[in-house]
Amino acid sequence: MAEPGKLTLDSRRRDLLALAAGLLAVGATAADAPPLELALPASDGLPVLGGGNTRATYIDFWASWCAPCRLSFPWMNEMHDRLSARGLRIVAVGLDRREADARRFLERAQPRFAIALDPGADSARRLDVQAMPSSYMFSAERRLLFSHRGFRPEDREALEGRLRAALA
Amino acid sequence: MRRAAAITLIALLLGGCAIEPPRAWERDLLARPAMTMDPDPLERRIMYNIYTSRENSFGGNGVGGGGCGCN
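These protein sequences, in sequence, are chains E and L.
According to this note's numbering, the first sequence is numbered sequentially starting from 33.
According to this note's numbering, the second sequence is numbered sequentially starting from 1401.
Hints are computed from structural coordinates only; laboratory data are not their basis.
Bear in mind that the values here come from a model prediction, so they are computed numbers and not experimental data.
Each hint should be verified, as a subset may be incorrect.
[Stated by the list, open to error] Pairwise CB distance ranges (calculated):
1) E:A172 to L:Y1448: 33 to 39 angstroms
2) E:A71 to L:A1431: 39 to 45 angstroms
3) E:A172 to L:M1435: 39 to 45 angstroms
4) L:L1414 to E:E192: 46 to 52 angstroms
5) L:L1430 to E:R157: 16 to 22 angstroms
6) L:A1431 to E:A200: 25 to 31 angstroms
7) L:R1444 to E:A172: 51 to 57 angstroms
8) E:F178 to L:G1416: 51 to 57 angstroms
9) L:R1423 to E:L176: 15 to 21 angstroms
10) L:P1439 to E:S171: 41 to 47 angstroms
11) L:P1439 to E:A117: 45 to 51 angstroms
12) L:E1455 to E:R129: 16 to 22 angstroms
13) L:I1446 to E:A200: 50 to 56 angstroms
14) L:C1417 to E:R158: 26 to 32 angstroms
Ideal Cβ positions, reconstructed from N, Cα and C, are used throughout, including at glycine.
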């Protein structure tokens, strides 16, 4: 029979091994995750993510009450005009609980890119949105290329560079 | 019996600490102007300018000197 002290050490080692295996499993899950699908329909007739022949999809989560979201819409219009011919699809997902608020915001913002409304915020929950606005760039294979929290006017150039790099 | 009741009560009270904070998209009510700690920053600035011009040692919001705080 083993000594009690040794038993404790063994069980500790076993716990550590189990923890390490768990962490490795988490890492493997993130890397081998299946392509993400967001079936919510957007205004261009395609699902938010998972349809069409776009080279990359830029998904932006916004709400009518969020001030930086107001700043991001003119920039996204610009990006749509410059990069849609190169295969960029922009989808802005509104998370307002009341659709009327979202519609009022859209009347002012006049987006030229695709819009989807998700009052239940299921899509935001799936991507674990932490800030408003938040944006996610997906490849044609629907794998996450990068994400960005918030929107400041000084982010514009750097973000455009990242969009162009994703389309290259 | 009393101890069990106390433990249950403490467990229930601790459960109150587990309330999830609002998610990013649920902050619409918190984003309203009425929810800010300082609803009128200009009014606050003017008030403190006058106050600190008289309460010189308080400082931090302008130059002291008495009077109306115009300088």
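Hints, one by one, checked against the model:
1. E:A172 to L:Y1448: 33 to 39 angstroms: violated (57 angstroms)
2. E:A71 to L:A1431: 39 to 45 angstroms: violated (29 angstroms)
3. E:A172 to L:M1435: 39 to 45 angstroms: holds (42 angstroms)
4. L:L1414 to E:E192: 46 to 52 angstroms: holds (49 angstroms)
5. L:L1430 to E:R157: 16 to 22 angstroms: holds (19 angstroms)
6. L:A1431 to E:A200: 25 to 31 angstroms: This hint is violated: roughly 37 angstroms between Cβ atoms.
7. L:R1444 to E:A172: 51 to 57 angstroms: Roughly 52 angstroms apart at Cβ, these two residues keep to the hinted range, so it holds.
8. E:F178 to L:G1416: 51 to 57 angstroms: violated (39 angstroms)
9. L:R1423 to E:L176: 15 to 21 angstroms: Between R1423 (chain L) and L176 (chain E), where Cβ atoms are some 19 angstroms apart, the hint holds.
10. L:P1439 to E:S171: 41 to 47 angstroms: holds (46 angstroms)
11. L:P1439 to E:A117: 45 to 51 angstroms: The hinted range 45 to 51 angstroms holds for P1439 (chain L) and A117 (chain E), with Cβ atoms some 47 angstroms apart.
12. L:E1455 to E:R129: 16 to 22 angstroms: Given about 46 angstroms between the Cβ atoms, the range is violated.
13. L:I1446 to E:A200: 50 to 56 angstroms: Since I1446 (chain L) and A200 (chain E) have Cβ atoms about 54 angstroms apart, the given range 50 to 56 angstroms holds.
14. L:C1417 to E:R158: 26 to 32 angstroms: holds (27 angstroms)
In summary, the numbered hints that this structure violates are 1, 2, 6, 8 and 12.
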